[in-house]
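Participant: Here is how the chains run, residue by residue.
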Amino acid sequence: MDDLLQEFLAEASESLGLLDGELVRLEDTPDDGEILGSIFRVFHTIKGTCGFLNLPRLEKVAHAGEDLLSTFRENAGLVTPEAVSLILRCVDAIRALIGALEVSGAEPETDHAALIADLKEMVAAGEARSRSGEVEPAATAEAAAPAASSAPADPQPEDAPAQADGDAVSAASSPRKADGEADGGANSTGGAGREVAASGKSIRVSVDVLESLITLVSELVLTRNQLLQLARSKDDGRAADSFQRLSRITTELQEGVMKTRMQPVSTAWAKLPRIVRDLSVETGKLIELKMKGGEAELDRQILEMIRDPLTHMVRNSADHGIETRQDRRAAGKPETGTITLNAFHEGGHIIIEIADDGRGLDIARIRDKILERGLATPGELERLSDQQIRQFIFKAGFSTAETVTSVSGRGVGMDVVRSNVEKIGGVIELVSVPGKGTTFTVKIPLTLAIVSALIVGCAGQRFAIPQICVSELVHVAPGGAHRVEMVNTAPVLSLRNRLLPLVSLRDLLKLGTTAAQQEGGAGKSGDNTRDDYYVIVAQIGSRHLGIIVDEVFDTEEIVVKPVGRMLRKIPFFSGTTILGDGSVIMILDPNGIAATAGHAQVSRNEQATAMTQGEQQRSSLIIFRSGDRSRKAVPMALVERLENIDAAAIETANGRAVVQYRGHMMPLVALSPECKPRSEGQQPVLVFAEGERTVGLIVEEIVDIVEDQLVVEFKGDGDGVLGSAVIDGKATDLVDVGHYLTAAFADWFGIEAGGADKDEGHEKKRLLLVDDCAFFLRMMSPKLAISGFEVIEALGGEQAMELHDRGIDVDVIVSDIEMPGMNGFAFAEAVHSGGRWSEVPMIALSSRLTAQNLERGRNAGFTSFVAKAHRDELCGVLRKVLQQDGEAA
Amino acid sequence: MTTSRNSGARTAGFPTLPGTDRGARRDFLTFTVHRQTFGLPLEAVDDVLDNRPLTPVPLAPPEIAGSLNLRGRIITAIDVRRRLGMPAMAPGASHMSIVTEYDGELFNLVVDAVGEVIALSEDRYEENPATLDDRWRDVSAGIYRLESNLMVVLKVGPLLDSIDGAAGAAGTPVGD
Chain F
1 MDDLLQEFLA EASESLGLLD GELVRLEDTP DDGEILGSIF RVFHTIKGTC
51 GFLNLPRLEK VAHAGEDLLS TFRENAGLVT PEAVSLILRC VDAIRALIGA
101 LEVSGAEPET DHAALIADLK EMVAAGEARS RSGEVEPAAT AEAAAPAASS
151 APADPQPEDA PAQADGDAVS AASSPRKADG EADGGANSTG GAGREVAASG
201 KSIRVSVDVL ESLITLVSEL VLTRNQLLQL ARSKDDGRAA DSFQRLSRIT
251 TELQEGVMKT RMQPVSTAWA KLPRIVRDLS VETGKLIELK MKGGEAELDR
301 QILEMIRDPL THMVRNSADH GIETRQDRRA AGKPETGTIT LNAFHEGGHI
351 IIEIADDGRG LDIARIRDKI LERGLATPGE LERLSDQQIR QFIFKAGFST
401 AETVTSVSGR GVGMDVVRSN VEKIGGVIEL VSVPGKGTTF TVKIPLTLAI
451 VSALIVGCAG QRFAIPQICV SELVHVAPGG AHRVEMVNTA PVLSLRNRLL
501 PLVSLRDLLK LGTTAAQQEG GAGKSGDNTR DDYYVIVAQI GSRHLGIIVD
551 EVFDTEEIVV KPVGRMLRKI PFFSGTTILG DGSVIMILDP NGIAATAGHA
601 QVSRNEQATA MTQGEQQRSS LIIFRSGDRS RKAVPMALVE RLENIDAAAI
651 ETANGRAVVQ YRGHMMPLVA LSPECKPRSE GQQPVLVFAE GERTVGLIVE
701 EIVDIVEDQL VVEFKGDGDG VLGSAVIDGK ATDLVDVGHY LTAAFADWFG
751 IEAGGADKDE GHEKKRLLLV DDCAFFLRMM SPKLAISGFE VIEALGGEQA
801 MELHDRGIDV DVIVSDIEMP GMNGFAFAEA VHSGGRWSEV PMIALSSRLT
851 AQNLERGRNA GFTSFVAKAH RDELCGVLRK VLQQDGEAA
Chain C
1 MTTSRNSGAR TAGFPTLPGT DRGARRDFLT FTVHRQTFGL PLEAVDDVLD
51 NRPLTPVPLA PPEIAGSLNL RGRIITAIDV RRRLGMPAMA PGASHMSIVT
101 EYDGELFNLV VDAVGEVIAL SEDRYEENPA TLDDRWRDVS AGIYRLESNL
151 MVVLKVGPLL DSIDGAAGAA GTPVGD
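Chains F and C are the protein sequences, given in the same order.
Sequential numbering of the first sequence, starting at 1, is according to this note's numbering.
Sequential numbering of the second sequence, starting at 1, is according to this note's numbering.
Okay, chain F solo, but in the shape it has when bound (with noise of 0.2 Å):
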């Protein structure tokens, strides 16, 4: 194809890419004449280079389209919704001719001419109109455009600016809200546009180039990681000062290249505007789409990989979210319905939410369509929550759709969306709330090609894993401080008060099944007979996985390589890289492990997706049998430890079961009385802790860890059970721990601490504990209750707010972060605005305790931050900060 040619089409695609957005801007301001400006250049270019470079077809679209830009410019009046259509169609022909021609350098016979004859035709009614005089709002001329009058008039001189008209229809009413000017992101798109044409500072390069650049500056990575293993053997000042710079020059390369990749969202972004103005003038809704972050910049081969499922959530929040302007009103709404895309940046990662302010997601509707494809039976999803319903749409086999399709984005599932975004490392996430909207929520890292990398070794073995997934290392080895513990056959690791599930990489990738390694590996757990091995907590969404490995080495820059085509079925793997000596390794992915080893097979963000009802939460639970065989549960956030004392251990003090446990006394409490502790052999007990106080559970055996959503079926008589729930598909009652500990303390420590800890003197401090969760109200108060507060509790921040408003006075607060509605930090704010409460110490509970969040609060107005499974911190910090607060006051 000659350069001329190649050169006219990239330049016409790139400007196409723009008219969509802009035209869609001209449809909200008719009276904008920059807008109309640009769009009648791009036409007017195409026309002009047509005729140069002898392409009819092109050319005679590209006029008939100009000449109805035209009219628009004599008159704004005409630029109605109908009239847009049509421009819109009209470039869909130019791009699909661009796209023909881009293929075989030769026009195709496409027949465009029924869509020349429309765009006379609308050209004739135009000038019509502007003839008769009649310059009427948009919105009037809609309807009048085919009967127009033919009355003469004086039309505008040809050559005359269009200020004149702008003028006159300034009053004119766009169909939709036109606010997108006011909202400074809106128009980043157009703006990006014009500032590349208008700088001259950049150069076309093509792609082809720029990723052969990338490989050899991959390939030099490489050489400089295999350099670097050499230069740390040798001793040679002179070559080590070079092989610095090198490095260093390497690295900086490597970056610079790294960044010509880069593209900012708003490209992505380009057809939204287009595609939900369609689907409004379809539907005859009202749609306005917010566009904020859209400069955030990240990879183009990610952001290819994610345009498609971003058009599709779009189009669907659009389609089905969206309401119609009945219905809208009829539910006291706005008539306009909103849909926001906002990206920004958080750690090596962007995220981008997209959300509308709709009916949410239709449970009754998903539920029948679960029963109509019979991914669940009746039975199991009368016992799913709402959330968990929820994220059926997720699912393979959820959507109608039959085929695939991925120019359009319709007729794609949100399974295929899900897939995609995971592909690439992402996760995606989805809170709705009924009547108010559906937000999706997407993170996905910034780039794919070139990562750092933990070198982690198992059977002899080496792997990668991306670091970002990394979020600590614990070795554990014999007398340490970390062992991991078997419930039943699953093995947990409990660091901080936290139990974490684990994996074994061992046994999950069948490694050392050779029969010289197969001596010492009868158990279950290959692992296991090593006593020396580490754990890598891998955090995949918000949740965490250890992961059991032997050896941990480096880590890396490692190039990521794609796993070859006869591998990739095997799902924990997300590439494949050269190490520095020049060794194949595979990179593992959490993600597809963390979903195979069945912990994760709907990515969920524990707080995000708890929603208006608290008790629906999942947790991990640890079952247990105790007494009349029950089956009995704890949350496994509240146990300390799992231990099997010896039971000739214990021993009996003032008519209680004790045993000497750490230096201690450890009452022992059962759950009734018939419920003994054995005589013989091993006694599970489960070990709760409140600072240096330790309680232990008889239980007659453990059964099981399992996570799960809890509905729980609660009952208030205090007799030791809060609820009832259906887990694992079997009636499971909920054991408060608070309460045994309470009658544990009671009974025994408060002979010996209770008059030394509690000041009789003062009254008890009043502590309003705020949580979006009843389940997690429910376990906290009684525990705060024995250490001596008077426990208010709030479902949430409304709900805390509400008390406030009702002139209750606290002396601290305990807030979670995490909160639908009005969270953690909004709360906060809302109590430092002013008010009864202004003073008053504020403490939040966060499971992700990240700087952000720090700050965040921090600046919010919380004082303390603790994390969310740390009760013995709690009490610590609460003292302190009651102590400050004494002082101060």
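These are calculated hints, taken from the structure and not from any lab test.
All C-beta atoms, glycine included, are put in the ideal place defined by N, C-alpha and C.
Just to be clear, a hint being listed does not mean it is correct.
[Unchecked claim] Using 25 Å as the maximum straight-line C-alpha spacing, the simulated DMTMM-like pairs for lysine to aspartate or glutamate come out as follows:
| hint | chain 1 | residue 1 | chain 2 | residue 2 |
| --- | --- | --- | --- | --- |
| 1 | F | Lys423 | F | Asp208 |
| 2 | F | Lys423 | C | Glu105 |
| 3 | F | Lys561 | C | Asp46 |
| 4 | F | Lys561 | C | Glu101 |
| 5 | F | Lys730 | F | Glu700 |
| 6 | F | Lys423 | C | Asp103 |
| 7 | F | Lys764 | F | Asp736 |
| 8 | F | Lys569 | C | Glu101 |
| 9 | F | Lys561 | C | Asp161 |
| 10 | F | Lys569 | C | Asp161 |
| 11 | F | Lys569 | C | Glu105 |
| 12 | F | Lys569 | C | Asp138 |
| 13 | F | Lys423 | F | Glu346 |
| 14 | F | Lys561 | C | Asp103 |
| 15 | F | Lys569 | C | Asp103 |
| 16 | F | Lys561 | C | Asp47 |
| 17 | F | Lys369 | F | Asp386 |
| 18 | F | Lys60 | F | Glu7 |
| 19 | F | Lys423 | C | Asp161 |
[As the list claims (entries may be wrong)] Computed beta-carbon distance windows for the label pairs:
| hint | chain 1 | residue 1 | chain 2 | residue 2 | range |
| --- | --- | --- | --- | --- | --- |
| 20 | C | Asn128 | F | Glu255 | 52 to 58 Å |
| 21 | C | Ala88 | F | Lys510 | 14 to 20 Å |
| 22 | C | Ser94 | F | Leu5 | 52 to 58 Å |
| 23 | C | Asn128 | F | Ala96 | 44 to 50 Å |
| 24 | F | Lys423 | C | Arg52 | 28 to 34 Å |
| 25 | F | Glu551 | C | Gln36 | 40 to 46 Å |
| 26 | F | Leu5 | C | Gly85 | 51 to 57 Å |
| 27 | F | Glu219 | C | Gly85 | 36 to 42 Å |
Chain F is fixed; fit chain C onto it per the hints.
Facilitator: Showing chain C alone in chain F's frame:
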């Protein structure tokens, strides 16, 4: 690095019009797998490697011997013995490999030994014998009569196409 080649010649059978072009000669690289001699059209051969260390891939299909680094490219090694249902090589036995490109990806065929490049004329060519084992029929483009034995012309496409990751994902252990 690697040049792409005419894919038709590599995967298609040979020859197109037997009998009309009796004098034509074609170059083959010969190799042996479990005492059987095979030949691969020379234009399909990218490289010949000696005993290279392979990285085993856990859970991979059993026909996959592992992956290796060939000048910065990661390529999948195929255990030809296993693929053809022959007994496995003795542990530690020396082997060689032939690198070939198929469908845009490089593969490394692990064989017992690589022989030589020979030019063969078409009058030595025979169709697959009717009695040929099914497993072989798929991957054989015909037989050449050599001086002392027969040479099977290997078809790379069918050899590789049937190796499917699905079996591996189900958990077939490697190297058992």
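Participant: Hint check: Lys569 (chain F) vs Asp103 (chain C), CA-CA at most 25 Å. Holds or violated?
Facilitator: holds (18 Å)
Participant: Is the Cα-Cα distance between Lys423 (chain F) and Asp161 (chain C) 25 Å or less?
Facilitator: holds (24 Å)
Participant: For Lys423 (chain F) and Asp208 (chain F), compute the direct alpha-carbon distance and say whether it is at most 25 Å.
Facilitator: holds (23 Å)
Participant: Holds or violated: Lys423 (chain F) with Glu105 (chain C), Cα cutoff 25 Å?
Facilitator: Within the cut-off at roughly 20 Å; holds.
Participant: Does Lys730 (chain F) pair with Glu700 (chain F) here, judged by a C-alpha cut-off of 25 Å?
Facilitator: holds (18 Å)
Participant: Does Lys423 (chain F) pair with Asp103 (chain C) here, judged by a C-alpha cut-off of 25 Å?
Facilitator: Roughly 22 Å separates the two Cα atoms, so the pair holds.
Participant: Given the hint that Lys569 (chain F) pairs with Glu105 (chain C), test it: the Cα-Cα distance must not exceed 25 Å.
Facilitator: holds (17 Å)
Participant: Holds or violated: the 51 to 57 Å window for the beta-carbon distance between Leu5 (chain F) and Gly85 (chain C)?
Facilitator: holds (55 Å)
Participant: CB of Glu219 (chain F) to CB of Gly85 (chain C), is that within 36 to 42 Å?
Facilitator: The hinted range 36 to 42 Å holds for Glu219 (chain F) and Gly85 (chain C), with Cβ atoms some 39 Å apart.
Participant: Between the alpha carbons of Lys561 (chain F) and Asp47 (chain C), is the straight-line distance 25 Å or under?
Facilitator: Distance of about 21 Å is within 25 Å: holds.
Participant: Within 28 to 34 Å or not, the Cβ separation of Lys423 (chain F) and Arg52 (chain C)?
Facilitator: holds (31 Å)
Participant: Starting from the range 44 to 50 Å, see whether the pair Asn128 (chain C) and Ala96 (chain F) falls in it by beta-carbon distance.
Facilitator: Taking Cβ atoms as reference, Asn128 (chain C) and Ala96 (chain F) lie about 48 Å apart, which means the hint holds.
The structure meets every hint from the earlier list without exception.
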